[in-house]
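Engineer: Sequence:
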Amino acid sequence: MRELTSIQYEEIFLPVFAEQLSEISVEQGLEFFHRLGNWFGITVVLVLVTTALASLFLNSRYDRRLTGLLYIVTGLVTLLGSQFLAFVLAFPFFVAGGLCFKKR
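Note that the sequence shown ends on residue 104 in the UniProt record's numbering; no numbers are left out.
Don't read these hints as lab results, they were simulated from the structure. Even glycine gets a Cβ: it sits at the ideal position worked out from N, Cα and C. Keep in mind that the hints are not guaranteed to be accurate.
Distance ranges between label pairs, derived from CB positions [unchecked claim]:
(1) ILE7 with LEU66: 24 to 34 angstroms
(2) GLN8 with VAL44: 20 to 30 angstroms
(3) LEU46 with VAL95: 26 to 36 angstroms
(4) ILE24 with LEU58: 42 to 52 angstroms
Turn these sequences into a full structure, and let the hints steer you where they fit.
Structural biologist: In structure tokens:
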């Protein structure tokens, strides 16, 4: 995302978000999209790491409560990282986390 130039920004993003970005300068708009890209990139990495750890613990002999907690944390990371837009993606993590606490 750091490769985005002001010319590309004006050709690609500005026409699509013209109403929302009309109040800010090109430099501020570039900074906004750089931060947004970084935010979502970090979120994806955290979701992948916590999901991989939870799946590893689920398939091993670790306590299932730890697995459930990791799935719930993954759901929270998904919600917070997407600024509460990806609740549909976070819901299965919450269900999986809740099912890990279920008695056998």
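Engineer: Indicate, hint by hint, whether the structure satisfies it.
Structural biologist: Do the hints match the structure? See the list:
Checked against the hint of 24 to 34 angstroms, the pair ILE7 and LEU66 fails, with Cβ atoms roughly 50 angstroms apart. Checked against the given bound of 20 to 30 angstroms, the beta carbons of GLN8 and VAL44, roughly 22 angstroms apart, stay inside it. For LEU46 and VAL95, the Cβ-Cβ distance of about 19 angstroms falls outside the hinted range of 26 to 36 angstroms, so the restraint is violated. Distance hint check for ILE24 and LEU58: the Cβ-Cβ separation is about 45 angstroms, which falls inside the suggested range of 42 to 52 angstroms.
Figure legend: structure checked against the earlier numbered hints; hints not met, in rising order: 1 and 3.
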